[in-house]
Structure formats: structure tokens, C-alpha cells
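Undergrad: Spelled out from the first residue to the last, the chains are:
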Amino acid sequence: MSLDPLNGTATEIAALVNDRQISARDIARLSVERIGAIDEAVNSFTDVTAARAFAEAEIVDSRILAGESLPLAGVPYAVKNLFDLEGVVTRAGSKINRDNPPAGRDSTLVTRLREAGAVCLGALNMGEYAYDFTGQNAHDGNCNNPHDLARITGGSSSGSGAALAAGLVAVTLGSDTNGSIRVPSSFCGTFGLKPTFGRLSRAHSFPFTASLDHLGPMARSVADLATVFDVLQGDDPADPHLAHRPPVATATELPKGAEGLRIAIAGGYFRDPGFPVALAAVDHVAKALGVAETVEIPEAARARAAAYVITNAESAALHLKRLQTRAADYDPETRDRFLAGAMVPAAWYLDAQRFRSWFRAAVNRVFETVDVILAPATPFPALMATEKTMTVGGQEVPVRPNIGIFTQPISFAGLPVAAVPVWLDGQRMPIGVQVIAAPWREDHALRVAAALQASGAAKAPVAMIGG
Amino acid sequence: MTDFDAKAHVAHMEAVMGLALAPEWRATVEAHVATTARMAALVADFPLPDEVEPAAVYEAGR
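If you read the sequences in order, they're chains A and B.
Position one of the first sequence corresponds to residue 1 (the working numbering), numbered consecutively onward.
Position one of the second sequence corresponds to residue 1 (the working numbering), numbered consecutively onward.
If you're looking for bench data, these hints aren't it; they were derived computationally from the structure.
Remember, predicted model here, so these are calculated numbers, not experimental data.
Fair warning: there could be bad hints in the mix.
Said to hold, decoys possible - Cross-link-like lysine-lysine pairs, in silico, PhoX-like; alpha carbons within 25 angstroms at most:
hint	chain 1	residue 1	chain 2	residue 2
1	A	LYS388	A	LYS256
2	B	LYS7	A	LYS287
3	A	LYS321	A	LYS287
4	A	LYS459	B	LYS7
5	A	LYS287	A	LYS459
6	A	LYS95	A	LYS388
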């Protein structure tokens with residue numbers, strides 16, 4: 001591993017702390033120092049909880065001294081600022097929520113990380129109320145891509161991608177409604193896991209679109225994703241959306257790699273728009289896995305459209321009172337979309353929800369013949385912050401609602417996805433590939449992602465900022 | 001839904017929903033409403049059987 005332990009993976013850091021080669025307190029100090037040195041340029045943190053980190057680190061060091069071994073001993077992490085952190089105002093990227101009192105308790109997933117020995121460094125920048133694919137925020141400032149500060153991070157879990165790529169922490173938590181973990185993973189060159197819909201507790205996090213919201217981890221290695229995901233699973237009476245499913249062990253499954261899994265490339269909708277770098281990334285991953293077959297996910301364009309309608313209507317309904325009284329306090333980029341969503345007729349919304357049932361059945365049939373599907377995560381690598389439009393099918397469309405064209409149909413189906421970062425020859429920036437598995441088979445997605453990392457086809461290096 | 005009039009819809013729904021659009025927001029809101037209408041039309045064009053129920057997570061007694 002790197003000479004600087006903070007550049008190591010969570011798994012490496014936990015091993016050092018468990019072996020008492022370094023203390024959790026020293027790791028926390030290194031992390032606080034690096035945030036202070038680098039984050040002014042990256043703008044990934046909105047709240048640095050240094051006192052909390054040192055207090056948690058002290059407890060971890062005591063537990064290690066008492067003979068415990070912790071899966072995430074001393075691992076520095078931070079969370080998108082829609083997760084409740086006790087004593088911190090859950091701003092969800094907004095100006096309006098700053099009027100709320102500080103959270104009275106941690107979100108469920110934060111509690112689970114703490115119990116596993118991880119140390120919380122703070123809350124991270126995000127697109128306002130998660131309605132964003134760019135990482136740009138009018139209130140907290142834009143989050144900048146550590147691999148090129150003039151480029152966007154992707155969103156809405158912008159700080160979650162950027163803090164990892166900058167090496168400020170080893171693990172982050174994000175949320176993904178239509179692609180908000182997978183898009184910043186792609187643009188920032190990190191691994192990300194969007195679990196199956198209903199898998200992880202959303203209790204004590206600020207919602208966006210209840211029908212589609214997922215929470216999940218991001219990291220610089222697949223082993224880290226699996227270790228964290230295994231810690232995060234479990235029932236939670238505080239979350240009515242959780243499915244009644246037993247946890248799936250993933251970390252212990254990674255050595256199996258892609259062996260025995262039927263893998264195919266998503267065709268049709270996912271290849272037809274012809275984004276060359278995205279297609280090259282998928283082909284690069286497919287080649288590394290020895291995969292040439294393609295499979296069609298039927299009606300993906302309609303699935304994306306239905307996700308769009310549900311998101312627009314549900315999120316606007318959640319915000320209606322605020323839109324009626326404080327519309328001018330929203331980020332202009334989200335405000336006008338929320339206002340539009342408040343005007344969606346009920347039949348449009350319910351059509352989309354009925355179509356979701358049809359799509360689920362169709363997707364289930366696809367997984368009768370394959371175990372894992374490969375698809376682009378984003379149409380292109382990170383754009384320059386000044387680029388506001390993109391071209392799809394010959395039409396110029398705004399960037400912010402459209403970067404997620406390849407992620408939206410997949411989260412609409414609720415499928416688990418590991419986003420893997422690829423660095424293509426001749427490309428300065430990374431781009432992600434979605435490794436998509438059948439419902440409840442996060443182990444399959446992570447096994448394939450691990451094989452890709454082991455072969456060198458996917459990797460998540462720490463950026464050389466200013467170097 | 002080829003005849004959908006985003007401008008008229010926004011003007012009507014603004015009052016129905018108790019919203020107040022600043023003049024400089026209106027064109028963008030209308031554009032977003034038009035996009036949502038196109039998305040909804042794509043979904044509506046699909047021949048769903050009547051018995052297909054909305055996807056839901058509600059569970060009584062939970």
C-alpha cells in the first residue's frame with residue numbers, strides 16, 4: 001500500500017489499526033489535516049466533524065486495546081449531507097433546511113458504520129435536495145472534480161465522489177434515486193454500490209423520491225464496498241420501505257470472481273445513442289471479462305421516462321409547501337424542475353407506477369438467461385463546469401436532467417449495480433461502467449467488479465491535486 | 001398528447017397549486033413541464049393491460 005496510510009483502502013487502514021500499527025486517532029488526524037489542506041479547492045465537505053472524529057477514534061482505539069477486531073477499525077468516512085449526523089443540521093444541499101435544528105440522532109447507516117469502528121469526518125456537498133446529476137450547488141458552491149478541478153464531479157452525491165478521489169476519506173455514503181451514486185462514481189473515478197431497492201435502511205435521511213431512493217457506499221476498492229455493504233445490511237423497524245430479505249454476505253464471496261456467472265452487454269438503448277467513450281469503456285470491461293454476448297433490456301427508454309415522471313411528481317409533492325412559500329430560496333437549477341413537478345397530473349404519475357410493475361416482470365425474464373449485465377454509467381467522462389448542454393439522438397438537451405439516461409432505467413427496476421471506474425488509453429478522465437445484477441444479488445455485481453479491479457481493468461486512484 | 005400546451009397548463013396549475021412563479025422563472029418551468037409531458041406520453045403510449053397494478057411498498061400491519 002501507499003506510504004501515506006490515508007491513501008490506502010479502508011480494508012488496508014482497518015488492518016493497520018486492528019494490528020495497532022497505527023492508531024485510529026492518528027488516521028483521524030491525518031484526515032482532518034488533509035481536508036484542511038485540500039478541500040478548499042475541491043469543496044467536497046460542508047461540515048467537518050473533527051471533534052466527533054477524534055472522540056470516535058478514541059473509542060475505537062480503546063476497543064482495539066481491549067482485544068476487539070473491528071471490520072472498519074479507524075476507517076475515516078463522510079456522508080452526503082442528507083444523512084442525519086447528531087448535532088449537525090441535515091441541509092440536503094439546500095438553503096431552506098439550514099433553518100432546521102441540528103439532527104437529534106444519527107441515521108441508521110451511520111450508526112452501523114460507527115459500531116463497526118469507522119470514524120466520521122463530516123457531511124459532504126451535494127446537489128440541492130438530490131435533484132441533480134452535475135454536483136453544482138448555488139448555496140454551498142460547486143463541488144470540483146479532484147482529477148481536474150475545472151470539471152464537474154457529477155451528482156447528486158458530488159462530495160461523496162470528490163472526497164474519495166481526493167483521498168480525504170476512505171469511504172463515503174451517498175444516495176441514488178436515478179444515478180446519484182453511479183454518476184459521481186463515473187466522473188470521479190471511484191467504485192460505488194447502488195444496492196437493490198429496499199435493501200438498506202433509509203431511516204433518518206432526508207428523502208427525495210420515496211419510490212426510487214436508494215442509499216449506498218462509495219469507496220476506492222471493491223473489497224471496501226463489500227465490507228461496508230455487509231456492515232450496513234440488516235432490518236430496521238424505523239424504515240417501512242425495507243424489504244423482508246435476509247442479508248447477503250458479499251465480502252467473503254469476492255474471491256470467486258466472475259467464475260460461473262453468465263455476463264452480457266446491454267444492447268439497444270444502451271448502445272444506440274453512440275456515445276463513443278462510454279461504449280469503449282463497456283467494451284474494455286467486456287474484453288477483460290471475455291464477454292461478447294449482448295442482451296436487450298426491453299423498453300428501457302420508457303423505463304427512463306417513467307422514472308423521470310415519478311421523480312418529478314413525488315419530489316415536488318414532498319416540497320409543495322416550501323415551493324408555495326419559499327420558492328425563491330431554492331437553487332434556481334432545482335426550483336424550476338420542482339415547480340414543474342408540482343403540476344403533474346395524477347394519471348401521468350400512476351401510469352408510470354403501473355409501467356414499473358410491467359418493467360419489473362420484463363427485467364425478471366431477462367435475468368433468466370444472464371446473471372450480470374454491463375452498461376455505461378454515464379454518456380461521457382466529466383464535463384467542464386461551463387458545459388450546460390449535451391446532444392442525445394441529434395437533439396441538444398440540458399445536461400442536468402440528462403446525464404443519467406443510462407442509470408435511470410436500472411434504478412427504476414431497483415437492480416443492484418456496482419459502478420466500476422475505467423481509465424481508457426488517451427482519455428484524461430475516468431468513466432464508469434455499470435455492473436448490473438439480478439435483484440438481491442449484490443454479491444454477483446461485486447464479484448465481477450472485484451475481478452475487474454484485480455485484473456487492472458478498473459481502478460480508483462487518489463488524484464494528484466495541484467501536482 | 002401532441003397538443004399539450006405547456007404554457008396554458010403552467011398558468012392553470014400555478015393557481016390550482018397555490019404557486020407564484022416569478023416572470024423570469026416561467027419559461028424554464030414551461031420547458032420542464034413540456035419535457036415531463038413528453039416523458040408521460042411515452043409511458044402512456046405503452047399498451048398496459050388493465051390488471052397491471054402500480055408498484056408500491058405499502059404493507060398493512062408493518
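Undergrad: Are the Cα positions of B/LYS7 and A/LYS287 separated by 25 angstroms at most?
TA: Violated, because 50 angstroms separates the two Cα atoms, which is more than 25 angstroms.
Undergrad: Verify the proposed pairing of A/LYS95 with A/LYS388, using a straight-line Cα cut of 25 angstroms.
TA: holds (23 angstroms)
Undergrad: Hinted pair, alpha-carbon criterion (25 angstroms max): A/LYS388, A/LYS256. Please report holds or violated.
TA: violated (43 angstroms)
Undergrad: A/LYS321 and A/LYS287 were given as a pair; does the straight-line alpha-carbon distance stay at or below 25 angstroms?
TA: At roughly 51 angstroms apart (the allowed maximum being 25 angstroms), A/LYS287 and A/LYS321 break the hint.
Undergrad: For the pair we were handed, A/LYS287 and A/LYS459, check the Cα-Cα distance against 25 angstroms.
TA: Measuring from Cα to Cα gives roughly 16 angstroms; hence the hint holds.
Undergrad: Between A/LYS459 and B/LYS7, is the straight-line Cα distance small enough, at 25 angstroms or below?
TA: violated (48 angstroms)
Of the numbered hints given earlier, the model fails hints 1, 2, 3, 4; all others are met.
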